[in-house]
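Start from the sequences and build out the full structure, keeping to the hints where you can.
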Amino acid sequence: MTATPPSIPEATAPRLRVLAAMSGGVDSAVAAARAAEAGHDVTGVHLALSANPKSFRTGARGCCTVEDAHDARRAADVIGIPFYVWDLAERFREDVVEDFFAEYEAGRTPNPCLRCNEKIKFAALLDKALALGFDAVCTGHYATVVRRADGGRELHRASDMAKDQSYVLGVLDERQLAHAMFPLGDTLTTKDEIRAEAERRGLAVAEKPDSHDICFIADGDTRGFLAKRLGSAEGDILDESGARVGTHEGAHGFTIGQRKGLRIGHPAPDGRPRYVLDISPVENTVTVGPAESLDVSALSAVRPRWCGAPPRGAGTYTAQLRAHGGETEVTAEPVGDGRELRVRFAEPVRGVAPGQAVVLYDGTRVVGSATIASTERARPLPTAAE
Amino acid sequence: MANSAYFDHAATTPMFPEAVRTMTEQLTVTGNASSLHGAGRRARRTVEEARETLGEALGARPSEVVFTSGGTEADNLAVKGLYWSRRAADPARTRILASPVEHHAVLDAVRWLADHEGAAVEWLPVDTYGRVHPDALREAVERDPSDVALVTVMWANNEIGTVLPVRELAAVAAEFGIPTHADAVQAVGQLPVSFADSGLAALTLTSHKIGGPYGIGALLLGREHTPEPLLHGGGQERDVRSGTLDVPAVAAFATAARLATERRPEFARDVGALRDALVTSVRAAVPEAVLNGDPDPDGRLPANAHFSFPGCEGDSLLLLLDARGIDCSTGSACTAGVAQPSHVLLAAGADPELARGTLRFSLGHTSTKAEVEALAAAIGPAVARARSAGLS
Numbered sequence: 001m002t003a004t005p006p007s008i009p010e011a012t013a014p015r016l017r018v019l020a021a022m023s024g025g026v027d028s029a030v031a032a033a034r035a036a037e038a039g040h041d042v043t044g045v046h047l048a049l050s051a052n053p054k055s056f057r058t059g060a061r062g063c064c065t066v067e068d069a070h071d072a073r074r075a076a077d078v079i080g081i082p083f084y085v086w087d088l089a090e091r092f093r094e095d096v097v098e099d100f101f102a103e104y105e106a107g108r109t110p111n112p113c114l115r116c117n118e119k120i121k122f123a124a125l126l127d128k129a130l131a132l133g134f135d136a137v138c139t140g141h142y143a144t145v146v147r148r149a150d151g152g153r154e155l156h157r158a159s160d161m162a163k164d165q166s167y168v169l170g171v172l173d174e175r176q177l178a179h180a181m182f183p184l185g186d187t188l189t190t191k192d193e194i195r196a197e198a199e200r201r202g203l204a205v206a207e208k209p210d211s212h213d214i215c216f217i218a219d220g221d222t223r224g225f226l227a228k229r230l231g232s233a234e235g236d237i238l239d240e241s242g243a244r245v246g247t248h249e250g251a252h253g254f255t256i257g258q259r260k261g262l263r264i265g266h267p268a269p270d271g272r273p274r275y276v277l278d279i280s281p282v283e284n285t286v287t288v289g290p291a292e293s294l295d296v297s298a299l300s301a302v303r304p305r306w307c308g309a310p311p312r313g314a315g316t317y318t319a320q321l322r323a324h325g326g327e328t329e330v331t332a333e334p335v336g337d338g339r340e341l342r343v344r345f346a347e348p349v350r351g352v353a354p355g356q357a358v359v360l361y362d363g364t365r366v367v368g369s370a371t372i373a374s375t376e377r378a379r380p381l382p383t384a385a386e
Numbered sequence: 001m002a003n004s005a006y007f008d009h010a011a012t013t014p015m016f017p018e019a020v021r022t023m024t025e026q027l028t029v030t031g032n033a034s035s036l037h038g039a040g041r042r043a044r045r046t047v048e049e050a051r052e053t054l055g056e057a058l059g060a061r062p063s064e065v066v067f068t069s070g071g072t073e074a075d076n077l078a079v080k081g082l083y084w085s086r087r088a089a090d091p092a093r094t095r096i097l098a099s100p101v102e103h104h105a106v107l108d109a110v111r112w113l114a115d116h117e118g119a120a121v122e123w124l125p126v127d128t129y130g131r132v133h134p135d136a137l138r139e140a141v142e143r144d145p146s147d148v149a150l151v152t153v154m155w156a157n158n159e160i161g162t163v164l165p166v167r168e169l170a171a172v173a174a175e176f177g178i179p180t181h182a183d184a185v186q187a188v189g190q191l192p193v194s195f196a197d198s199g200l201a202a203l204t205l206t207s208h209k210i211g212g213p214y215g216i217g218a219l220l221l222g223r224e225h226t227p228e229p230l231l232h233g234g235g236q237e238r239d240v241r242s243g244t245l246d247v248p249a250v251a252a253f254a255t256a257a258r259l260a261t262e263r264r265p266e267f268a269r270d271v272g273a274l275r276d277a278l279v280t281s282v283r284a285a286v287p288e289a290v291l292n293g294d295p296d297p298d299g300r301l302p303a304n305a306h307f308s309f310p311g312c313e314g315d316s317l318l319l320l321l322d323a324r325g326i327d328c329s330t331g332s333a334c335t336a337g338v339a340q341p342s343h344v345l346l347a348a349g350a351d352p353e354l355a356r357g358t359l360r361f362s363l364g365h366t367s368t369k370a371e372v373e374a375l376a377a378a379i380g381p382a383v384a385r386a387r388s389a390g391l392s
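For the record, the sequence lines run as chains Z and S.
Here the numbering used here is used: the first residue of the first sequence is 1, the next is one more, and so on.
Here the numbering used here is used: the first residue of the second sequence is 1, the next is one more, and so on.
Please keep in mind that the hints were generated in silico from the structure rather than gathered at the bench.
Source: prediction; values computed, not measured.
Glycine included, each C-beta is placed from N, C-alpha and C at the ideal position.
A couple of the hints might just be wrong.
As the list claims (entries may be wrong) - From chain Z, some residues computed to sit far from chain S (all C-beta separations above 12 Å):
1. 16
2. 193
3. 271
4. 313
5. 339
Stated by the list, open to error - Which bits of chain Z does chain S cover? Going by a derived footprint, with three or more residues having C-beta under 8 Å, they are:
6. 74 to 88
7. 126 to 134
What the hints assert, rightly or not - SDA-like mimics (lysine to any residue), calculated; alpha carbons at most 20 Å apart, straight line:
8. Z:208 to Z:196
9. S:369 to S:8
10. Z:119 to S:390
11. Z:260 to Z:232
12. Z:119 to S:391
13. Z:260 to Z:271
14. Z:228 to Z:217
15. Z:260 to Z:322
16. Z:119 to S:388
Quick look at the structure:
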């Protein structure tokens, strides 16, 4: 399989009317500045995603506070572009926060950033932008959109693999990509250089720390956030043989592959660390075991989204299974009339969590993505009789 | 870069050149109006002359003029201060009768008293124009006249421009010895406002809405009322509002108040005619646009036009007009910059969807026919486009 086909870089495109989504952070500020410098007619917009901004993070991190809106506004002032705050709190609550609860409640581990890109930034926001006469939405993501000679679009990894965010954009289809602009994706720029560029451009957000956590969880305590909504129900922590080794306060507080915070009093008989292997919301049990039991040989995923035509039959790809995760060789095939995706790993991989996305790549090109529904263990769980 | 058509005079309006002159002259002069020496006496004289000018312009005695930092402070001083002093005189007085269409400076002060000071708030019913009727106030007062701390109703609404019958309302309250406060920030300069004739205990006005500088306003306050102060200190302004007076701002405010009231009849005629032309052209371009507030010219501010555009989001319209060089507002400004459905329209019983797609066009002393024509050309395409973006 080949890497990049012949392409026309986006930079040579004509002057566009661009809506720059500005979170208040350094990346989206520099992205907006670069778009304006490239000669596009740029308007900045900050998305208010919380109905009550003060209930969200109050520090310098995150993306939803009154302070972030202020930082975005000041960046727009310096760039010299009009700026507005749009209230998408209701859509965000319905499409991202409620989904987040529902997924955890079902024992899965969702990625709300992906969901936000799919449902908010490149759906609600993009649709509104297009209707209002804009040509594109610009964000500070590190990824590259390539326009093929035939006019179609491809999403590629950022030039700098270390910062690549194509994984969280893997849900975008060709139509969405045709109206997406990622000015940070096509240059080899370290974060320090982006900060230096912000400084040089007079953007006060240059020194602002990166946001890593989930923007709508104010204190970063995901388990506490979930417990407040989903309640706590004490259940058993089991080992692979089904023996009870501890208790937990709600199965939704766990993620496949999690090691910390299991609060199992006594060590495993073999003295080795234990990991979450399985979560059963119906029985309200959490199964733990050794690291090698996390090995998975295949997975099945739902809601496939393809960037371009869906592949016919099986193909070999590289796959990424979590944000900031590595690549792994796979064979993948759409099944069930294209409603599902079967993925088999060349070598077993560890810690695959249902709810996360599997994104398929052909070289640097994103082929498509799907939501992991179930996994097949490389080593079956021993039965109690064994 | 400034836009070419400005329709947000209700947010703030350009200073009169005469007020700029007064202010710049005073900025070069030193003197604290509370000082006892020559420089202080000179500053004090400037302040007292301004107080007399302002009082004369608004039918108030000079001693009834209490300078504040602006409309928000004057509203807070009247509402909280009168609540505290009336309750101190009789602990039974904890009921506040307020219109639900008030500016946030009143609305939130009242709510704060309810949340923190044991006030029982009663929102007076309003008609579809946002107007409180004297009978409704009488009904509310008569239920128990002895427990009412104060009545607060605005003279004219800042969003939809409806004029409230403040004199009649104040007369009802006065029958029972209850003080009435009116926020007249939008009324001054557009309607005849006489404090003496109004029967009000307190009246709020602010300078930057009538051609004066920012940061200065006044509470006209009857001599018999002594609201508990918000600011304690040097005892300036009848001991009701401590703080060194901003002499240049006070002087320029008085100049603006004098000019705005002197020129009011011509303003109402000329700007009213421009406003009528604006309404006609918006309706011609967008036949389904709904004019909010009282359609009768006598019942609304002459410089106000406020529309709902069905199927449109107000912030979409604002962006599209802004891009065409036209400044207007979706309602009253909000700190976070997030457009909210208008509480005024909701209180007046409007459909919540119509309350989201609103624009306020407010005119002023610098408004021109060319600005109205620019809007007439832009509004049709903007509404068509915003409608295609729909309600998010």
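How the hints compare with the structure:
Taking the minimum C-beta to C-beta distance to chain S, about 14 Å, the non-interface status of residue 16 (chain Z) holds against the 12 Å cut. Residue placement check: residue 193 (chain Z) keeps its beta carbon more than 12 Å from all beta carbons of chain S (closest about 31 Å). Non-interface call for residue 271 (chain Z) relative to chain S: holds, since the shortest CB-CB distance, roughly 54 Å, exceeds 12 Å. Against the 12 Å criterion, residue 313 (chain Z) stays outside the reach of chain S, whose nearest CB is about 40 Å from its own CB.
For residue 339 (chain Z), the requirement that its beta carbon stay farther than 12 Å from each beta carbon of chain S is met, with the minimum near 29 Å. Counting residues of the region 74 to 88 of chain Z whose beta-carbon sits less than 8 Å from any beta-carbon of chain S gives 6, enough to reach three: the coverage restraint holds. Under a criterion of three residues with beta carbons nearer than 8 Å to beta carbons of chain S, the stated coverage of the region 126 to 134 of chain Z is upheld, 5 such residues being counted. The straight-line distance between the Cα atoms of residue 208 (chain Z) and residue 196 (chain Z) is roughly 12 Å, inside the 20 Å bound, and the hint therefore holds.
About 15 Å separates the Cα atoms of residue 369 (chain S) and residue 8 (chain S), which keeps this hinted pair within 20 Å; it holds. Between the alpha carbons of residue 119 (chain Z) and residue 390 (chain S) the distance comes to roughly 17 Å, so the proposed pair stays at or under 20 Å and holds. With a C-alpha separation of about 19 Å, the suggested pair residue 260 (chain Z) and residue 232 (chain Z) falls inside the 20 Å cut-off, and the hint holds. This hinted pair checks out: residue 119 (chain Z) and residue 391 (chain S) have alpha carbons roughly 16 Å apart, not beyond 20 Å.
Proposed proximity of residue 260 (chain Z) and residue 271 (chain Z) is supported: the alpha carbons are some 15 Å apart, at most 20 Å. Restraint check for residue 228 (chain Z) and residue 217 (chain Z): the C-alpha separation of about 12 Å stays at or below 20 Å, so the hint holds. Between residue 260 (chain Z) and residue 322 (chain Z) the CA atoms are separated by roughly 18 Å; this keeps the pair inside 20 Å, and the hint holds. Of the pairs offered as hints, the one joining residue 119 (chain Z) and residue 388 (chain S) holds, with about 19 Å between alpha carbons and a cut-off of 20 Å not exceeded.
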